[in-house]
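J.: Going down the list, the sequences are from chains A and B. When the letters of the first sequence are read in order and numbered with the numbering used here, they come out as residues 1 to 327. When the letters of the second sequence are read in order and numbered with the numbering used here, they come out as residues 1 to 311.
Everything labelled a hint here was simulated from the structure, so no lab data went into it. Be careful, since some hints might not be right.
Simulated restraints, written as ranges between beta carbons of each label pair [claimed, not checked]: (1) A/Ala288 <-> B/Pro254: 15 to 23 Å; (2) A/Gln162 <-> B/Arg164: 38 to 46 Å; (3) B/Gln201 <-> A/Ala69: 46 to 54 Å; (4) A/Leu186 <-> B/Gly53: 49 to 57 Å; (5) A/Phe4 <-> B/Leu169: 41 to 49 Å; (6) B/Gly120 <-> A/Leu179: 53 to 61 Å; (7) B/Val211 <-> A/Pro251: 31 to 39 Å.
Keep in mind it's a predicted model, so treat the numbers as computed, not measured. Think of the CB as a built atom: it goes at the ideal place given N, C-alpha and C, for glycine as much as any other residue.
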Amino acid sequence: MVGFLLRRFFNYLILILLAACVGYFLAASSLNPRVRFEERSAQPPPAVVDQALYALNLNDKTPIVTRFATWASGVVHGDLGKTVDGDLVVAELGQRVGVSLRLLLLGSVLGGVLGVLAGVVCAVKQYKLTDYSITLISFLLLATPVFLLAVLLKLGGLYVNQTAGATIFYYTGEYTPGLSGGWWRLATNRVQHLILPTLAVVLPSAAFYSRYQRSAMLDVLSSDFLRTAVAKGLRRRQALLWHGLRTALVPMVTFFAYQFGLLLISDAFVEKIFAWHGMGEWFIDSVASSDVNVVAAITLFAAVLLLLAGLVAELAYAVLDPRVRDR
Amino acid sequence: MSTSTPTPVGRQAPSVATPNQPPEGHSVSRHRLVLRRLVRKRVAMAGVVVLVGLFVFAFVGPSLSQWGYESQDFDAFLAPPSVRHWFGTTQIGQDVYVRAMRGLQKSLVIGLLVAVFSTGVAMVVGGCAGYFGGWVDRMLMWLVDLLLVLPAFLIIAVLSPGLRGRSWLWFVALLAGFSWMITARVVRGLALSLREREFVQAARFIGVPSVMIIFRHLLPNMSSFLITNATINVGGAVLAETGLSYFGFGVQPPDVSLGTLIVEGTPSALTYPWLFHFAAGLLILTVLAVSAVGDGLRDALDPHAGSGMTC
Numbered sequence: 001m002v003g004f005l006l007r008r009f010f011n012y013l014i015l016i017l018l019a020a021c022v023g024y025f026l027a028a029s030s031l032n033p034r035v036r037f038e039e040r041s042a043q044p045p046p047a048v049v050d051q052a053l054y055a056l057n058l059n060d061k062t063p064i065v066t067r068f069a070t071w072a073s074g075v076v077h078g079d080l081g082k083t084v085d086g087d088l089v090v091a092e093l094g095q096r097v098g099v100s101l102r103l104l105l106l107g108s109v110l111g112g113v114l115g116v117l118a119g120v121v122c123a124v125k126q127y128k129l130t131d132y133s134i135t136l137i138s139f140l141l142l143a144t145p146v147f148l149l150a151v152l153l154k155l156g157g158l159y160v161n162q163t164a165g166a167t168i169f170y171y172t173g174e175y176t177p178g179l180s181g182g183w184w185r186l187a188t189n190r191v192q193h194l195i196l197p198t199l200a201v202v203l204p205s206a207a208f209y210s211r212y213q214r215s216a217m218l219d220v221l222s223s224d225f226l227r228t229a230v231a232k233g234l235r236r237r238q239a240l241l242w243h244g245l246r247t248a249l250v251p252m253v254t255f256f257a258y259q260f261g262l263l264l265i266s267d268a269f270v271e272k273i274f275a276w277h278g279m280g281e282w283f284i285d286s287v288a289s290s291d292v293n294v295v296a297a298i299t300l301f302a303a304v305l306l307l308l309a310g311l312v313a314e315l316a317y318a319v320l321d322p323r324v325r326d327r
Numbered sequence: 001m002s003t004s005t006p007t008p009v010g011r012q013a014p015s016v017a018t019p020n021q022p023p024e025g026h027s028v029s030r031h032r033l034v035l036r037r038l039v040r041k042r043v044a045m046a047g048v049v050v051l052v053g054l055f056v057f058a059f060v061g062p063s064l065s066q067w068g069y070e071s072q073d074f075d076a077f078l079a080p081p082s083v084r085h086w087f088g089t090t091q092i093g094q095d096v097y098v099r100a101m102r103g104l105q106k107s108l109v110i111g112l113l114v115a116v117f118s119t120g121v122a123m124v125v126g127g128c129a130g131y132f133g134g135w136v137d138r139m140l141m142w143l144v145d146l147l148l149v150l151p152a153f154l155i156i157a158v159l160s161p162g163l164r165g166r167s168w169l170w171f172v173a174l175l176a177g178f179s180w181m182i183t184a185r186v187v188r189g190l191a192l193s194l195r196e197r198e199f200v201q202a203a204r205f206i207g208v209p210s211v212m213i214i215f216r217h218l219l220p221n222m223s224s225f226l227i228t229n230a231t232i233n234v235g236g237a238v239l240a241e242t243g244l245s246y247f248g249f250g251v252q253p254p255d256v257s258l259g260t261l262i263v264e265g266t267p268s269a270l271t272y273p274w275l276f277h278f279a280a281g282l283l284i285l286t287v288l289a290v291s292a293v294g295d296g297l298r299d300a301l302d303p304h305a306g307s308g309m310t311c
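Go ahead and model the full structure; you've got the sequences and the hints to work with.
T.: Below, the structure written as structure tokens:
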């Protein structure tokens, strides 16, 4: 079991290294930070631009392989280079990772739980009104791109606020800047900011899981072992939870790693629309400002998160399916 | 679930269908059977009707209006929907209806092209990996794993500065180039099991070239999966296209797509709702219709598969 996990881990590790390299080469060859320097209001002489770009390891006159070598040796020592403005990437990364992780962790956990619950309810109440309405809602959610959902949630929040005559939902930033008061007030303020963006992340992934969970659960419901469990005297609810759901969860694990990749992308939309200063927003902004080192760092970050999601999926497999543990 | 009245499969063939000569008569009646099953699904048929309607509207619609795509009405800035302008006008007097149809056109075409191309790539890669096995398989699956670790969205966004001033077909190529991986995995799995079947073995032993075996024997045998998958991918491609266009990484200015229209309309979604809601509604309707058709196709082609949407 441990050997199996270790093998998977090394496999992923090599993939991440490769992904990071590909990410750097793509960013360095596609983005051109030189334009940004040349277009400054007091146009600097070419030599100055060259010097500035060289100091940031962004000069396109240096061969790309040399630039990559400089970058890679920095990364090994925990230095991800500098932004086009000359700040350390690592410093800003530290601030932004927390913001994104808050959104992503809550999003993936709540999305998973909600999706599994909805799927199970659908399967148990197959062809009843509950099933049809959950199915309809999930199809609508799956047909709505995240940015549209986020904008609609924002509009909905605005409407609720207007109707209630008070600010219940906030939709810009993580907290109201300059707010003073006890911790209770600060905490509620944060929660008020958190609700809409989290919903924008949670709803699509819950809809995604619920579809697969429904069909997995339906397969299990008609299985012999569940009938046996009921026949030997378990109550229906117990049999469903301990024998049915556990088996039906196994295929879900495969989708978790895949869904996490999609979550990273929806993170970018949600942060941009709700003005959270996290990784997603940073990525979009730095592609626009041709910030090669930042884009490379974020690609690395995304690959690492995907690796962790993959490992969590493998572990969950082992927990749910005893046959995997014996390998 | 299946409301199967016992349908006589071989009724169309007037000759007596002896069990010894199945090929042609059988394949015709299978197509009919699938079609009949599909027609019986109300939701899927509704999806087909909506999709056909959207296509017709997207291509014929603009010529029904007296306004051209680039013409401006200087008497109506930000006018709400009326008889004169069916979906209202924009800040500079452009007709929202014509623009929405134009955007729908582009989104639908991109969706279709990406789905077809990515399924094509997945067929070739997955088929080769599954049939040849060994180091070909290992290399190709490594490539798939690598591309899955790098989210397609990030790569296309990074490459997007190169798209400026180029044709939108480059964007289609990029989208298709980064959306075939998961399908390829499934195709490989199917090819692995088909490879061991007698008819493939027989073809190999009488010396049919490998390429021929893959394209004439392996892939046609998974056509139901491929068709369903391509259909579902249309929806995914439309969503990916609009998402990337939302950030300006996709369809570039002189062209419009539903994504760029929604971006333009978002700031005025509350004050001038017609700028936002028509494009958004068309987008949701398109993807919904595609997924309804995809689901119906899956059920019709493979009645034993667990179905997503049932009615």
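J.: Confirm or reject each hint.
T.: Verification of the supplied hints:
A hinted range of 15 to 23 Å holds for the C-beta pair A/Ala288 and B/Pro254, which are about 20 Å apart. Under the hint 38 to 46 Å, the C-beta atoms of A/Gln162 and B/Arg164, about 40 Å apart, fit the expected range. A hinted range of 46 to 54 Å holds for the C-beta pair B/Gln201 and A/Ala69, which are about 51 Å apart. For the pair A/Leu186 and B/Gly53, the beta carbons lie near 52 Å from each other, so the given range of 49 to 57 Å is met.
A C-beta distance of roughly 45 Å is found between A/Phe4 and B/Leu169, which places it inside the suggested range of 41 to 49 Å. The supplied range of 53 to 61 Å is met by B/Gly120 and A/Leu179, whose beta-carbon atoms lie about 55 Å from each other. Our hint of 31 to 39 Å for B/Val211 and A/Pro251 holds, since their Cβ atoms are close to 34 Å apart.
The earlier numbered hints are all upheld by this structure, with none contradicted.
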